[in-house]
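Enquirer: For reference, the chains in residue letters:
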Amino acid sequence: MGGAGGLTEDLVLGINDHIKDAVVDVRERGSESVEEGEEEREMVPPRGPTSSSSGVSIHRSSSRPQLDLSGAAIQGNFEEKDPTILLPNQSDDIYHLALDIGGSLIKLVYFSRHEDRPLNDRRKKSIKERFGISNGNRRSYPILGGRLHFVKFETHKINECLDFIHSKQLHWGGLDPHQWTSEAPNNENAIIKATGGGAYKFADLFKDRLGVSLDKEDEMDCLVAGANFLLKAIRHEAFTHMEGQKEFVQIDHNDLFPYLLVNIGSGVSMIKVDGDGKFQRVSGTNVGGGTYWGLGRLLTKCKSFDELLELSQRGDNRTIDMLVGDIYGGMDYSKIGLSASTIASSFGKAISENKELEDYRPEDISLSLLRMISYNIGQIAYLNALRFGLKRIFFGGFFIRGHAYTMDTISFAVQFWSNGEAQAMFLRHEGFLGALGAFMSYEKHGLDDLMVHQLVERFPMGAPYTGGNIHGPPLGDLNEKISWMEKFVRKGTEIIAPVPMAPPGTTGLGGFEVPSSKGDTLRSDASALNVGVLHLVPTLEVFPLLSDPKTYEPNTIDLSDHSELEYWFTVLSEHLPDLVDKAVASEGGTDDAKRRGDAFAHYWIRLMEEPAAYGKFGLANLLELREECLREFQFVDAYRSIKQRENEASLAVLPDLLMEIDSMSKETRLLTLIEGVLAANIFDWGSRACVDLYHKGTIIEIYRMSRDKMRRPWRVDDFDMFKERMLGSGENNRPCPYKRALLFVDNSGADIVLGMLPLARELLRCGTEVVLVANSLPALNDVTAMELPDIVAEAAKHCDILRRAAEAGGLLVDAMNIQDGSKESSSVPLMVVENGCGSPCIDFRQVSSELAAAAKEADLIILEGMGRALHTNFNARFKCDALKLAMVKNQRLAEKLIKGNIYDCICRYEPAR
Amino acid sequence: METCSFGDEIEERESKISHLAIDIGGSLIKLVYFSRDDKCSTGDQWINSSNEGGDVSSSESTCPILEGKLHFAKFETSKINECVEFIRSKKLHHSGGGAYKYTDLFKEELGVALDKEDEMNCLVAGANFLLKTVRHEAFTYLDNKKEFEPIDQNDLYPYLLVNIGSGVSMIKVDGDGKFERVSGTNVGGGTYWGLGKLLTKCKSFDELLELSHHGNNRVIDMLVGDIYGGLDYTKIGLSATAIASSFGKAINKDLEEYRPEDISRSLLRLISNNIGQISFLNALRYGIKRIFFGGFFIRGHPYTMDTIAVGVHFWSKGEAKAMFLRHEGFLGALGAFVSYGKSRSDDIIVHCLVERSLVCTPCRGAAVDTVDGNMDESETIECCVYPS
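So the sequences go chain by chain: A and B. Take the first sequence: its letters are residues 1 to 913, numbered as in UniProt numbering. Take the second sequence: its letters are residues 1 to 388, numbered as in UniProt numbering.
Think of the hints as simulated: they come from the structure by calculation, not from any bench. Careful, some of the hints might be misleading.
[Stated by the list, open to error] Coverage of chain A stretches by chain B, computed from C-beta distances (three or more under 8 Å per stretch; other residues unrestricted):
1) 279 to 291
2) 316 to 322
3) 341 to 355
4) 379 to 386
Glycine included, C-beta positions come from ideal geometry on N, C-alpha and C.
Given these sequences and hints, build the entire structure.
Expert: Right, dumping it as structure tokens:
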């Protein structure tokens, strides 16, 4: 995609992940800027109007105009941290808030602009020029990357909601306060999109309190738009829930319609959806969430919906409901397919003479009520689906709240009445359909064209807890997060597995009892449905060399297998004290760092407990979540000093190694280089087994020792095939060299310096352009794209091949000055691109645009290391030749994947498909 | 339960009672029994059965035609002992789920074994019997107007029979003995009574029902207008007064602060409307135009019928019709009774029925205390039976 047409489709709204007080926002953004690395900030020349979006993206309404970015320019000083981007041709301000005001709950969807990372480094500039990502190209405009937040309030506490909006200045687009005051926005024209009945009812209140008008959007329009957006744009949005088992369903976008959307709010609406904007409300029922809450409150004196729901988890409805067995003396009425435990009459047993309301347990009442209403909704929904021949029924709305029992009951009803023909499905963003739809209804927001790969869901502290329950806004301030976590740990020791052995806030590290097993800590009936913050990252793209993006699944290990989950839970838990240790040390070991370390550890364990709450979960997701979680507690780079130390030590011995290699014949050299990559891959702080090794010798010693052990044949050994492609089968059969190779690098230190760089050098020697692909953000001791240029520059000091290539690739400072000289053609270039990830693994469905651009002319991919070649992508196939190199540093994985042992090596070569 | 007068009467007539059928439900026990008539019994005007069916040969009985009355009585299931007392020493024959549960009790108390009939069989047999033989059995109820609907016997099937007892069964009836329970719901009469009792402290179902007459559900239900600031949601055809969420407004005050009348009304609307909706959806599914509602929940209660009828009317856009049965509560017992005859012979025919109403009023069924002798007296159906 390129050219002007691409402009609009990349536009995304900027969102800051944490809800912070807008006043302190400017300063805080700086410290958090590591959270996202994909954004670019650049000055843009005025542009003409842009064409509409491309065909592959999501369309809700083709006639809907896009955010007009023409003439966009940064206002004021470009060096400013968060410059305001002026969109002179934009008729209105960009609105950042939409509301769904229902009978019981107010749902807010708002986006925060993304804080842009100042990334004007020379590497980026050079990459842009080389791959044609330059001014005038689609990448050149300011990208309003951002985050979509989901928050809810109870309607009768509408003032809290108004305060919240006011404090964030969301009704002014969440701009920095000094910005909007100085610009004196026109208060009269401010509007917020709103849906739900309350948009009418509370219109005056909003006008009075916030001075904004509510622009009312039709409720059904919004529900459908929201649901369509979620089903198309979010992977793992829909799932089934039967007998406590949650299973995510991959929805084929081309086979989505028609479906029945059942929105369970206070009342229930049933909508037949035939397409974008094409729908009909076919039915509904007045027995909905409001009935549960209203009746429940009268009967139990609960103070909140959540309390009522919570009660139901400990209830036994048999004391209240009349079961078939009660009527038939414990026998099934099998003739008509009713089992003895089927409810014949809800509350039918509550007629006994000598019992009053007080004689029944509120828990039982709540459960009975919940079953009655869920079952009823399931039944009516099914009957309507049947009526219109709809196979799929999606249930949304705030009644469900990820409550396992509710979902099970609805699923049961649908399955029972349909004889298993119809399936109830649920949506993770169940409650926010309307609000999201209202948000989509802003005429110029660009969301229409978002594609799945541009959305990344994160689970910042607080967000997971707002998904299932109403706790008001998510936590923002770091301190607030830590105190919350500490409170949570004190209060919920029975829920959370590891317990601090010393008072929180002082231990810092090691103070955890590592849970021995995950099984007992799983809470099957808890509200395990979490809604994170949607990061809209317009620069992410699908890796163009994937052979079949549709069927591509990054994870090799699926954690829905319970034994796998338990195993990796244990592995990661064991690794936790060491990680906390490193993280705290990386921040100077201060008391503050220790507190954060504790909070991180607890939070991380907490997150691990309910992996299914965050969508379908593989090992890669779990590993990424850990990194996200570290960043959440502002551990920017836990392995910073270790990485630095190992890089220096490795660079010191590199010249010797290169000399040794250069003395070999071409054939020996290639083998030695591959051996070296495999050997150097042992330097991995992500592997417990390897950490223990580190204390046994210097880097070069371990490297040589390790390489000596790498003798062929390896467990998976396609080296001969690779060699033949590289060197040809005989003297007369010289193959043409690869044009461009993408090397996905792994760890810092020996791995990159002694393993991958020498291999890269060999490729350069053959005349192959080399692109080193590294992480955008730190993950364990993986080398990052930011760090690579310095490493290469240092290595280049002792090696002409590397120097010339690095110069050609724009990695060396000097090269900037002699771009047009004859020198440039003296070597094929060595380049560095970031992959868009902050994880030890890589998901090829979401990579940075620069990687995607670099990939276009690549004909060889080398994936190195466990995270990228084994945990993920072990089974991935590519359109070009691929070489997967890794040492297996985990016994179980070795057995599972290659029926081998720990330290076995994999050299898998897969020619292009 | 006042069974005295009735009981006395029964004892008086004891010798004449030849058949008794019982339907023991979750909340109520329904009795149907047949008393032989000695021609000069009461002197009321009633029509003898015609004999054009001819004499049916009999292998075990020499009695050619039994003429008499069908009596209907009901007891609360929780007071089953009173019922047992009442029918002590009578030979029983009955249906209903409770038949299984109470087998031991009956065996112990009365020394008889219950001959259990299938509940659905009985319901259908009872309904078919009534619809075919009793004129003015079925009626519609809309806008507080009861209208009897003549049933063309040749165009009776298929129909949907919705029996609202403690729970609700929905049965697609295609003919005599040809039926299928296609659906049902657990939100039925038992729910109304159970929830109502918890919420209002009423002592009886009928008291609860009576309360609903004086209630206003707007205090408790969230109406479309409540959400839309008094406006209709016209785009999807919901008026401001439509209930958006039953009990949806009951979230700011404690139970004591609401009037039991309002609660009862709200509850009644919730359940009636829901049954109406599910019934319609099932009727639609099978292309059935007529839905008959029976069972003890209705009790001829105008508001209940109105709500159900409105529900059906609303959802079907006027295409389907809700109809009610005057002997709504006795379908099962009547069916058991009919099958009682059949179990002895296939040829039992009830030829002519004339209803004899002493104090029958259109809403007689709504009377608070249905379980008294007067009602049963008024609800007799005179008939003759060929117990071949």
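Enquirer: Which hint numbers doesn't this structure obey?
Expert: none
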